[in-house]
Structure formats: structure tokens, C-alpha cells
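2 protein chains.
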Amino acid sequence: MAVYTDITDQELQDLLSGFDLGAPLAFKGIAEGVENSNFLLETEKGRYILTVYEKRVRREELPFFLDLMMWLADHHYPSAAPIRDRRGDILQTVRGKPAALVAFLPGLSVRRPNAQHCREAGEGLARLHLASEGFTGTRANDLGQGAWAPLFAGLKDAAEGLKPGLAATIDADLALLAAKWPKGLPSGIVHADYFPDNVFFQGEKFAGTIDFYFACVDALAYDIAVALNAWCFEPDGSFNITSARQMLAGYESYRPLSDAERAALPVLAHGAAMRFFLTRLADWGATPAGALVRPKDPLEYERKLAVHREAPDLVLMGARA
Amino acid sequence: MAVYTDITDQELQDLLSGFDLGAPLAFKGIAEGVENSNFLLETEKGRYILTVYEKRVRREELPFFLDLMMWLADHHYPSAAPIRDRRGDILQTVRGKPAALVAFLPGLSVRRPNAQHCREAGEGLARLHLASEGFTGTRANDLGQGAWAPLFAGLKDAAEGLKPGLAATIDADLALLAAKWPKGLPSGIVHADYFPDNVFFQGEKFAGTIDFYFACVDALAYDIAVALNAWCFEPDGSFNITSARQMLAGYESYRPLSDAERAALPVLAHGAAMRFFLTRLADWGATPAGALVRPKDPLEYERKLAVHREAPDLVLMGARA
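For the protein sequence lines, the chains are A and B, in the order given.
Numbering of the first sequence is given in full-length UniProt numbering, commencing with residue 1 and proceeding in unit increments.
Numbering of the second sequence is given in full-length UniProt numbering, commencing with residue 1 and proceeding in unit increments.
Just chain A, same shape as in the assembly (with noise of 0.2 Å):
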């Protein structure tokens, strides 16, 4: 959750110039996304938000992300369709930063998923599959299984400060994946941070999804991965073999996996756990004071990774023999 960025009324009324949305009635910013600044803005015409990318998005991977939201939104996927100014174009500067209005999505992200979110979550991810299907843009995973050790090169101490040993343990870890990780396996575009944040509900139905912004190209499968370890672990650590179940067979019920997929989830799971405990413990230290965003705590994936680590077919007994 955060707001970087203020913006003045010259600003607002600078950026609605260029576009047909009538004069502004409310404007608040919002805690939603981690890595921009969010405001909702309602004018005479409807509701949007406004976000305003800050220094962690390059400005040159924006067009991916806005083409590929329009696109999902052009093909009937329940996400936030950007908006066009009058000129037709969606990337707007605010403050010197780059900025985008997207039409504002209704429903809840649910803090606390059942098995049945799960379910609807897996279904969700496998039409974002199949939605994104004849996308023509394309971005490298920079956060994937190749990023890994030299990003963790630099973490070395980070990691024994949070638990002393840690450091060989991650490094076998990483010797791990890097000699089984799957290749070869469907790919396309992937979330690759379908976390229940960015997932909203109507009730206990999937209702869309949101914050594209590691979207890239790798194999599908991965994406299940990252959401089997955001869904399915509860509060105490323990995965949740009813909610990975459940949000398998909803995926399936849209895109069946292969035998390859299927077999490779253990890996994946245990590479997904990989990512995130990397990125968090990154920022677990490196964010500074008076920043308005609280880094999450990089031990709830270094368990994760444990979990995978210690019993690698947990994810499988999820799977549909």
C-alpha cells in the first residue's frame, strides 16, 4: 500500500485536459499496489484510477504492460482497461512520472482465501491463459530462475543476519533449481504475481485481476506455482492441500495441464518461493525511513521454501492423478 506521489489540482486538471472524462468530483489515493502510487478518480463520466509509476517500473516496459491490459480488456478478460486521451494514447506523464487512467474494477481482494477462492482463483488465472492467447507483445521474466543466484550473491549477509546458516542453505537450494528447473514446458504470458492482493471477488465469485506489472513470458505452469504458494499456505505455515486441490482443479477446469506441467509443480513451487523470499529479503533491508510502505517480512517465504525444500511432493498430492 502506498502513495509517493502528491498531486496538485493543476496537475489533475493538466492530465483531464487531455482527455473527454468531465470535470473531477473525487479524488483519493489509495492503498493498493506496492510498487506505485494509486488514486481513485471519479469525474462526471465514471470511475478510474490513476496510477502514477514510480521508480521500480521502467518507463520502457510500460507499452507491454498498457498493450497487454487493453488487450486482456479487448478480449473480455474482467481486468482494469486502461483508458486512451483524446490523441489515442494511454501513457501520460504526471509530475514528471509516468502515468496511466484505467477504468476502475469492481470487487474485494479477499485477506484470508478459502478453498473455494482458491478454486475460483484457479479459474481466473487459466482464462487470464487463455485471454492473453495471440499477444503479440513480449518481455523476459527478469525475476526468473536465471535472476536468482546473482541476485543472491549480494544477500549473503542479509540472509544469515535473518537466520544464521541460511546462507548454505539457499546456496544448495539454488544449486537445485538451477539443475532441475523444467524447459520446454507451454509458455506465454504469466501474472507472475497473481497474489490475493491482486485478485478481486464479488462475493465468493472471481470478479478480476489486477497490477500487470511483472507480467512477462515464461511457462504457465510457473504462474500456478507462484499462486499455489500465495493461496494455499495458512497463517500457521502449513500448506493447505484442499485449497491446492481446489485451485488445480479450477485451472483445469479451463486450461488441463500436461503431463510435463503436472510434473514439474514441485520445482516450480519450490523456484516460486525462490522469487519472492529474494525480492523480500532484498527490500527487507534496503527500504528507507519515512518510505509510506512496510516491507513484508521475508521469513513467511523462507518457510515456504523449507516446505518445498523438505517434502517436494506436497504440491503433487494437489494435482488430478
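Derived from the structure by calculation, the hints contain no laboratory data.
Treat each hint with caution, since some may be false.
You can't tell identical chains apart in this list, so a pair holds if it fits in one copy or across any two.
Stated by the list, open to error - In silico lysine to any residue, SDA-like type, Cα no more than 20 Å apart, as pairs:
no.	residue 1	residue 2
1	97	16
2	45	105
3	205	16
4	156	116
5	45	35
6	28	43
The hints should help you fit chain B onto chain A, whose structure is shown.
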């Protein structure tokens, strides 16, 4: 801007079960108000703000604030009307903390008020004073003149840390304010925090007032003094006499000031600057790491104090002859 309390799905559901507002359609933490956590809640019936009161607000004082808000709404003052649950109660409990639902009030707060905004804000403040007449609730101003010297006793080191020699200057100010503080001015309900963040506009028209959690009974002209400090200084620290004149003219178009009130404005403005200087100084050192709120710079109000100390008649130059 702050969201201190995270609310789970179950907690939201429990809260809504006491109301007849239908199912929730959207729920977002918003960056509004510094002291409490605020959420935008949309249900099938409409839009609301859920405020969860954090530790600075005393539970036993909440009935005063909420009754005042209800009174104002009942007397057609544009403010956020509290919503009663099925049992007729306003005050709720969420995650063990006091909370209340109020109607969503449309409008935008201005970041850089111009003279026209100041005129409208003056009108809005006078209308607040008039609309509050007859409200029988009462609450002393616990940040009024009598509180400043005891508060500063614990902050002398902090003041010296901010600017060497400042403690003696503030002591002299406090002695002068104690000697000259006006008594017997017309009193009533004051907002006591009538800053641009707490006032909504539609275009350039006053549209409403929010955040009554400092409201109390005090000299009505003290509220004007707070507002002159908050609205009529330029970012470079200079006092904008045109804005002050407009604010007073707007105020007086609804409620003309007595001679005694007008004569008291310089010392009231000096005192109002002291009140915000002292609380910002206290917050400056006390904000815990990890808080999702940036403390406000006490030096802004140290400079306003200096203006009132050195040119006490400046404020009067804005007053009607």
C-alpha cells in the same frame, strides 16, 4: 494519510451484518486522515467511508464527535453523515477498535488553495459555526492555550535540536500568549483542524467538511485563526494578504465578526501557529519506524510563528475595517 488497521473479509462481513446495506462491492484503504484508518466501502446500497479509530482518539470522546457529525448532517451542513446500524447505533467495533461508517462525501481537497478557494473556505467555516448552534454536546479544547506550556516543557530539547536558541524564543512566545490570550469571545463548536485536506470542493465551490476529530468548544474566532494559518501562507513562507482578506470576507458574509473578535485575530493566529508547531514537534521525534505516515515538518509552523511574532498586524490587514 494512513491505513493502520488491516481488515479481513470476515471482519468486514461481521460489520456489515449489523446494517441493511447489501453485499460489499469494493473495499479499499484510502490515504485520508492522519490519525485513523479509513476505507472506501461500496455496497449494493451506496458508498461509505469506514473509519477505524486508532489509539490517539479516545473511545469515550467518540460519541461527541459522531453526535456532532449527525447534528451537522441533520442541519444540512455538507459533511459526512454517520450511518446507524439496525439497532440505531453509530459506534461499531472492528478488530477490537472503535469504528464508524459514514456516507461518502464527494469532493476534492485542494493542495494549493487560491484566493477564491479561501473565500469559499471562509464561507464554509462560518456555515459550520452557524449550523452547530444549538448542539448541546460539549468537549474542552485539550490542545488549547492552557495546554501549550505543559506540552512544551517536554519538548525543549527537541526544539533546540531543530534550531539552536528556539527553546527560549518559544518560551517568550508562550509567556506573551498567556498574557494576551483573549477571554470572553463568542464561543461554540470549532472544527479546530480546518486545513485544506479537510475541506472538499466541487470545482471552485465549497462542497463540505470532513474530519471532526479535533472539534471542541472554544472561541469561534480561534477556528478562523487556525484556517488563516493553514490556507493563507504561500509555499515560500509569505503570508498572502489577498487570500486572508477573501477568507475573512467569505466568513463574514455568513457571520460578521465583532470588534473584539477582529482585534483578537493577531494573537489568536499566533496561538494557533503555536498549537500546530507544538504537536508537530512532538510527532517529529515520536513517529515509529514502519508507521505508514510521514510526520509533518514542524519548521513550517516555526516559520509561521515567526511571522506572527514579528508582524502581528499582518493578519489584521486582511480584516474588514
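Hints, verified against the model:
In this homomeric assembly, residue 97 and residue 16 come within 20 Å of each other (Cα to Cα) only inside a single copy, at 16 Å, whereas the closest approach across copies is 39 Å. Proximity of residue 45 and residue 105 under a CA criterion of 20 Å is satisfied in both settings, with 15 Å inside one chain copy and 18 Å between copies. Taking the shortest alpha-carbon separations for residue 205 and residue 16, only the inter-copy value of 19 Å comes in at or below 20 Å, while the best intra-copy value is 34 Å. In this assembly of identical chains, residue 156 and residue 116 lie within 20 Å of each other by CA distance neither inside one copy nor across copies; the values are 39 Å within and 58 Å between.
In this homomeric assembly, residue 45 and residue 35 never come within 20 Å of each other (Cα to Cα): the closest approach is 28 Å inside a single copy and 32 Å across copies. Proximity of residue 28 and residue 43 under a CA criterion of 20 Å is satisfied in both settings, with 12 Å inside one chain copy and 18 Å between copies.
The structure is inconsistent with the numbered hints 4 and 5, although it conforms to all the rest.
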